[in-house]
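Asker: Chain residues, written in single-letter form:
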Amino acid sequence: MFDTLTDRLSGTLRGLRGRGRMRPADVDEALAEIRLALLEADVNVGVVRRFVDRVRERSIGGEVTASLTPGQQVTKIVNDELVEILGGSPLDFQFAPRPPTVVMLAGLQGSGKTTAAAKLAQWCKSQGRNPLLVGADLQRPAAVEQLRTLARGIDVEVWSEPGDPVACAAGGLAHARQTGRDVLIVDTAGRLAIDVELMGEVARISDAVEPHYTLLIVDSMVGQDAVATAEAFHATLEVDGIILTKLDGDARGGAALSVAEVVGRPVAFASVGEKVDDFEQFHPDRMASRILGMGDVMTLIEKAEAVYEQEEAEAAAQRLAEGTFTLDDFVDQLRQLRKMGNLQSIVQMMPGISDQVRNADIDDDRITTAEAIVLSMTPAERVSPEIIDASRRARIAAGSGTSSAQVGNLLKQFTQMRKMMGGMMGLGSKRRPASRKAGRKRGKGPTRPAGSSRTGGGRTSSKGGPSSGKLGTKPDGGGIDWEALDLKLPGR
Amino acid sequence: MATQTPPDGAAERAGGPAETGPLRPAATFASGLASSRRTLRDRLASIRGRRPDGATWESLEEALLGADVGVATTMATLERLRSTADDQDIVDADELVHELADQMRAALDADRSLHVSAPDRKGATPVWLFVGVNGVGKTTTIGKVGARLSAEGQVVVMAAGDTFRAAATSQLQTWADRCGADLISGSAGADPSSVVHDAVSAAAARGADVVLADTAGRLQNRKNLMDELAKVRRVADREPGAVVETLLVIDATTGQNGLSQARAFAEATDVTGVVLTKLDGSAKGGIVFAIEAELGLRVKLVGLGEGANDLVDFDPDSYVDALLGADPDAGVPASHSPEQARPGD
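Residue numbers (our numbering), protein chains in the order written: chain W, 1 to 492; chain E, 1001 to 1345.
Hints were generated in silico from the structure; no laboratory data involved. Model, not experiment: these values are computed from the prediction. For every residue, glycine included, the Cβ atom is placed at its ideal position computed from N, Cα and C. Mixed in with the good hints, there may be bad ones.
Said to hold, decoys possible - Simulated pairs of lysine to aspartate or glutamate, EDC-like, Cα-Cα distance not exceeding 16 Å:
#, chain 1, residue 1, chain 2, residue 2
1, W, 125, W, 328
2, E, 1223, W, 274
3, E, 1300, E, 1111
4, E, 1223, W, 250
5, W, 275, W, 365
6, E, 1223, W, 280
7, W, 275, W, 248
8, E, 1122, E, 1111
9, E, 1231, E, 1292
Claimed, not checked - Some residues of chain E that are not near chain W, with every Cβ distance over 12 Å (derived):
#, residue
10, 1095
11, 1114
12, 1151
13, 1180
14, 1190
15, 1205
16, 1221
17, 1278
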């Protein structure tokens, strides 16, 4: 279902691209698809309505940017809106000047409060703090025991006393002061937002410990009801931020958007696995793309742009166009690629990548290997690889700790690549002023050698193999198989 | 440092003092859903008694989407309704809502009986296996099912097959103590298959009527964990046991991911039915329409609270009525819940 959705959405937006200006009908067509995408991602129906209205207003109302096509513009507006809601004003988690910093967790049953409490404690420890956990969930059988077991694993003390959760929490605060703990994390019982009695109780707990931060725990699998729940908790407790749990599942997590929108507070942390360390500060941009089912294209592009210095790119593009692209340039590109971050995380950001690939074990070693091979060459060899004969190859293999076959393989790929790119750049220069080449290069250069042909089409592109990417469309001589190139990301 | 006492407050608060009646009347079911129906009824109220127009259809669509019925199912449902409305020339919005309720009820018309014995495997000890993602209420459901079967006079053995989550066994122990069932458990981190197998063997030796096997919650995209679960089921189905029900527990607050859950768990464990939990909140659990239609999995039980008695048979009529508020006065006591904030705006 998700793939189809991705197709549909990017198809619509692709249709929009290439037109001079935005017409209301175009925008509406794209927004109809975006509405469905959001609904399928479990964003609340009312939130979707308001969201779409806002985007329509901004899209049709103007904000015409010279450098973007209409499709890109709608996507950008949608993306900006999503990021704005999800984390526009990120929670600046500050430890209180007068400890302990009190954090209270609240939410529905089964949303993952107890686990999140332990994970947050571990996170605080990693920040050099000395937290105390309070088990104030006296309702669910064995909840405190669960907390104790988790806490033992991370060497954090748990305070709890039977009877009244309010007294228990207050006791925990006193204990934290006595023992010099600088963070107090209060786990509370799960409760339904409509349960008047229990909502009153959680309000009293809050009054007793006066938390610096009240965090609402939201299960990323939750549907439409997220809004009702969030509103009720916010009305009772004044929520400061959200912890999104079970994000390692395959739910699209539209609830995050619903909750952030109605509460007006950002998602602060995300729980991304069963281990205590699987807990991180939240990335609104990644979530925006996940909700839309687009992959994290925007981040990918921005990362690429930021990392790949313009001058380098222009110079490389120039050499490409002249057919004098050297192995030095090649290695340079690989390094740029690596600067963008862990390859696995890059692949995760790409749209339209199947789960199989997404979950494949990708290591950065192959880039290192290629780098080692090139660095074992003489400057002359790097500029003119055709001079490399069998004996040079053996020397390079020995120097780089590889085999002659691997060296030969790399050279073959490089030659093909240079031929292809030279041809393409030549083609491009007929249509475009020279200055544009650098621009194209900048956006795509770093990602291309990584076999990221799937991102080739630009910001909104997704899915589709090489055919969707301009660079891959009609390679000179045709038929270079990016997938087969050994230098492509392993795991493809 | 103090330790915890078994929390009895929950049962008293939610279910009243325990007379362990196996089944509660449909009125209770409806009242549990009362909080759900309010918002939907409010929404539908605006279209009643008027000629259906574009806004009518929009309200219906938002009502269904807002109940987590999902885009595809909502579109298909309304498409069908639209053609009926054309054929029968329905010109009144009230009538339209009634027709919608009828069609939704018809979609849920199916056999929902629970099996307590294995007819083709005489003498085998029947096993009910409970599966689902994390936090949906598997352990609590087992506690409630145990209370119900015990009250019917069955000898129940519980298997603490969740060896992963901290203190899951203690939680189940509390429930076992409440209803007088025996609990068989292994050590933390033990192989869940062997724990379940031990429980089945022990139950067979004691001549117990049924084994209720808990499993650790797992996200359905974790292949190795799903394989592990498939193994638990295979082992439980081995002599002297026979798996007669594999019940997928789904949280009513779950959105569209519920379908993905149902699909994956059905594939791994041959699910025989669904338990829809936490329906006493404001969530409506509309994803079950898609689960029923696409996968043929039937909702058999419904969880309506944390008390031992808060588990009832799924009743499609009450469910649809409550969901749509189609018959607002049908035996529903006035809700004591506060006015729910309306989803949306």
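Asker: Each of the hints needs a verdict: does it hold here or not?
Answerer: Each hint tested on the structure:
1. W:125 - W:328: violated, 44 Å
2. E:1223 - W:274: holds, 14 Å
3. E:1300 - E:1111: This hinted pair holds, its Cα atoms lying about 9 Å apart.
4. E:1223 - W:250: This hinted pair holds, its Cα atoms lying about 12 Å apart.
5. W:275 - W:365: violated, 26 Å
6. E:1223 - W:280: Violated, at roughly 23 Å.
7. W:275 - W:248: holds, 11 Å
8. E:1122 - E:1111: violated, 23 Å
9. E:1231 - E:1292: It is violated: about 25 Å lies between the C-alpha atoms, which goes past 16 Å.
10. 1095: holds, 24 Å
11. 1114: holds, 23 Å
12. 1151: holds, 19 Å
13. 1180: Answer for residue 1180 of chain E: holds, closest chain W Cβ roughly 16 Å.
14. 1190: holds, 15 Å
15. 1205: Since the minimum Cβ distance to chain W is about 27 Å, residue 1205 of chain E lies beyond 12 Å and the statement holds.
16. 1221: violated, 4 Å
17. 1278: violated, 7 Å
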